[in-house]
Amino acid sequence: MSLRTALLFAASLLCAGAGAGEIPPSERRSGYDLMSRETRAIQDDDATNPGMLWVLDGEALWNRKAGAVGRACAACHGDARTSMKGVAARYPAFDAALRRPVNLEERIKLCRSERQKAPPLAFESRDLLALTAYVARQSRGLPIAIVIDERTLPFLDAGREAFHRRQGQLNLACSQCHDDNWGKRLAGSVIPQAHPTGYPVYRLEWQGLGSLERRLRNCLIGIRAEPYAFGAPEFVDLELYLMWRANGMKIETPAVRP
Amino acid sequence: MARAIVNVPARAKRGEIVEVKTLAQHPMETGFRRTQTGELIPRDIIRRFTCTYNGTEVYRVDLHPAMSANPLIAFSTIATETGTIAFQWAGDNGYSVTETASIRVE
Numbered sequence: 000m001s002l003r004t005a006l007l008f009a010a011s012l013l014c015a016g017a018g019a020g021e022i023p024p025s026e027r028r029s030g031y032d033l034m035s036r037e038t039r040a041i042q043d044d045d046a047t048n049p050g051m052l053w054v055l056d057g058e059a060l061w062n063r064k065a066g067a068v069g070r071a072c073a074a075c076h077g078d079a080r081t082s083m084k085g086v087a088a089r090y091p092a093f094d095a096a097l098r099r100p101v102n103l104e105e106r107i108k109l110c111r112s113e114r115q116k117a118p119p120l121a122f123e124s125r126d127l128l129a130l131t132a133y134v135a136r137q138s139r140g141l142p143i144a145i146v147i148d149e150r151t152l153p154f155l156d157a158g159r160e161a162f163h164r165r166q167g168q169l170n171l172a173c174s175q176c177h178d179d180n181w182g183k184r185l186a187g188s189v190i191p192q193a194h195p196t197g198y199p200v201y202r203l204e205w206q207g208l209g210s211l212e213r214r215l216r217n218c219l220i221g222i223r224a225e226p227y228a229f230g231a232p233e234f235v236d237l238e239l240y241l242m243w244r245a246n247g248m249k250i251e252t253p254a255v256r257p
Numbered sequence: 000m001a002r003a004i005v006n007v008p009a010r011a012k013r014g015e016i017v018e019v020k021t022l023a024q025h026p027m028e029t030g031f032r033r034t035q036t037g038e039l040i041p042r043d044i045i046r047r048f049t050c051t052y053n054g055t056e057v058y059r060v061d062l063h064p065a066m067s068a069n070p071l072i073a074f075s076t077i078a079t080e081t082g083t084i085a086f087q088w089a090g091d092n093g094y095s096v097t098e099t100a101s102i103r104v105e
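Listed in order, the protein sequences are those of chains P and C.
Anchor point for the first sequence: position 206 equals 205 in numbering that gives the first Met the number 0, and the numbering is continuous, going up by one each time.
Anchor point for the second sequence: position 36 equals 35 in numbering that gives the first Met the number 0, and the numbering is continuous, going up by one each time.
Keep in mind the hints are simulated off the structure, nothing from the lab.
Treat the hints with care, since some could be wrong.
Stated by the list, open to error - Pairs of lysine to aspartate or glutamate, EDC-like flavour, derived with a Cα cap of 20 angstroms: (1) P/Lys64 x P/Asp45; (2) P/Lys249 x P/Asp45; (3) C/Lys20 x P/Glu37; (4) P/Lys116 x P/Asp126; (5) P/Lys249 x P/Asp43; (6) C/Lys20 x P/Asp45; (7) P/Lys84 x P/Glu58; (8) C/Lys12 x C/Glu98; (9) C/Lys20 x P/Asp43; (10) C/Lys20 x P/Asp44; (11) P/Lys64 x P/Asp126; (12) P/Lys249 x P/Glu26.
What the hints assert, rightly or not - With beta-carbon atoms standing in for the labels, derived distance ranges: (13) C/Thr29 x P/Glu225: 29 to 35 angstroms; (14) P/Leu203 x C/Ser75: 21 to 27 angstroms; (15) C/Arg32 x P/Asp156: 38 to 44 angstroms.
Keep in mind it's a predicted model, so treat the numbers as computed, not measured.
Every residue, glycine too, gets a C-beta built ideally from N, C-alpha and C.
Same shape as in the complex, but just chain P (with noise of 0.2 angstroms):
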């Protein structure tokens, strides 16, 4: 390679940086931002939030006896309401034994299984779903506040490298729409940042409550990419980033998304 093709190259590397950067702070929007009025008032009152039922159902879980040791969450965790103020926007969170960061769904699952010795939930099942949603609950309002260190470092690289790896018979990238492409339409709805503000969200399409990990598996099947499981490693490593990418925005749980 000549010396004039290499400075070319160069060059058109770093008008591609400057083209598909990363959002700044203070562009970045919530979907909240990006909806209707109309699914913006549903989501804002408690009265009219279909996301309540699960957060309700989620309540009397954390008071109900489970497992061979016969205790609640509620037992060891106390009041939810301070207890758990603030724990959702600390996750995916290292853990470690697992020595690997794991999300609040899986955080749940543990606990269950390790503590209560309980039968495992489902992932997706409705009651982990409404555990996660009455845990998240208490954080509403609250800044993302994702620390990263030595030991979370890799994953958060490992997270942004998918986000920007082109995937799937599409051939996209997460960040070509979510970063290059936000606020324009994707044949009628708008493209958000994709920020995970309100997880576990009640979507309007899915006519219920979602995690994060099915709505990541809706995007890698609309790219026509093979969607990870439940739980999969490079799952929570995208969580991580989204939510770090994400940090000081408020959690919204249970949003509305349409």
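With the hints as your guide, set chain C onto chain P.
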């Protein structure tokens, strides 16, 4: 679990128009969808919602398969007297949920 959330203002002035909001937990399965193996999923919907104010019916809805899951029904009524507003949802497979709220009229 069949849960319902109702929202009625706790107090109102006599003759005031008050907004009532209700949310019922229900999948509202249309009866037109099929499983991955092609079997028809049987219909399972709420058929009727009624609201009575101190025993007098003030609002009634017939629901049909095209309505969303967890239907939100909001309507207004006139605060006439202190008492109880009762709600009832009834549907397929013996689904029946009742909920009450009290209102104080001054």
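Results for each hint:
1. P/Lys64 x P/Asp45: 27 angstroms, violated
2. P/Lys249 x P/Asp45: This hinted pair holds, its Cα atoms lying about 17 angstroms apart.
3. C/Lys20 x P/Glu37: Holds, because 15 angstroms separates the two Cα atoms, which is no more than 20 angstroms.
4. P/Lys116 x P/Asp126: 16 angstroms, holds
5. P/Lys249 x P/Asp43: 14 angstroms, holds
6. C/Lys20 x P/Asp45: Answer holds: C/Lys20 to P/Asp45 is near 10 angstroms, not above 20 angstroms.
7. P/Lys84 x P/Glu58: 14 angstroms, holds
8. C/Lys12 x C/Glu98: 23 angstroms, violated
9. C/Lys20 x P/Asp43: 14 angstroms, holds
10. C/Lys20 x P/Asp44: Measuring from Cα to Cα gives roughly 10 angstroms; hence the hint holds.
11. P/Lys64 x P/Asp126: 14 angstroms, holds
12. P/Lys249 x P/Glu26: 15 angstroms, holds
13. C/Thr29 x P/Glu225: 29 to 35 angstroms: At 30 angstroms between Cβs, range holds.
14. P/Leu203 x C/Ser75: 21 to 27 angstroms: Once the Cβ atoms are compared, 24 angstroms apart, the range 21 to 27 angstroms for C/Ser75 and P/Leu203 holds.
15. C/Arg32 x P/Asp156: 38 to 44 angstroms: 42 angstroms, holds
Checked against the numbered hints given earlier, the structure breaks hints 1 and 8 and satisfies all the rest.
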